[in-house]
Amino acid sequence: MSENQNVKAKDGYTDCVYYVNERFLHLTLVVMVTCAVHQILMTVVKVVILALICVT
Numbered sequence: 001m002s003e004n005q006n007v008k009a010k011d012g013y014t015d016c017v018y019y020v021n022e023r024f025l026h027l028t029l030v031v032m033v034t035c036a037v038h039q040i041l042m043t044v045v046k047v048v049i050l051a052l053i054c055v056t
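Residue numbers (UniProt numbering): 1 to 56.
A portion of the hints provided could be inaccurate.
Unchecked claim - Between beta-carbon pairs, the in silico distance windows are: (1) Tyr18 with Val55: 39 to 45 Å; (2) Phe24 with Lys46: 47 to 53 Å; (3) Val47 with Leu27: 38 to 44 Å; (4) Leu50 with Val30: 26 to 32 Å; (5) Ile53 with Tyr19: 50 to 56 Å; (6) Leu50 with Tyr19: 44 to 50 Å; (7) Tyr19 with Ile49: 41 to 47 Å; (8) Leu52 with Tyr18: 34 to 40 Å; (9) Leu41 with Asn21: 27 to 33 Å; (10) Tyr19 with Lys46: 38 to 44 Å; (11) Phe24 with Cys54: 42 to 48 Å; (12) Val55 with Phe24: 43 to 49 Å; (13) Ile40 with Val20: 28 to 34 Å; (14) Glu22 with Cys54: 44 to 50 Å.
Calculated directly from the structure, the hints in this document are not laboratory data. In this text, a Cβ means the ideal position worked out from N, Cα and C, and glycines have one as well.
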C-alpha cells in the first residue's frame with residue numbers, strides 16, 4: 001500500500017495512511033508510558049510494604 005492511498009474509516013471519514021499510522025504510534029506510546037508509570041508505582045508500593053514489615 002503506497003503512502004498516497006487513502007483508508008476509509010468506519011465513520012466515513014477518509015484518512016491518509018500516514019495519519020492512521022501516526023494515531024497508532026501515539027496510542028502505542030501512551031500505553032507504554034502508562035505501563036511504565038504503573039511499574040514504578042507498584043515498585044514504590046512494594047518498597048513501602050517491605051519497609052513497614054522490616055520496621056515492625
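Violations among the numbered hints, reported as their numbers in ascending order: 1, 2, 3, 8
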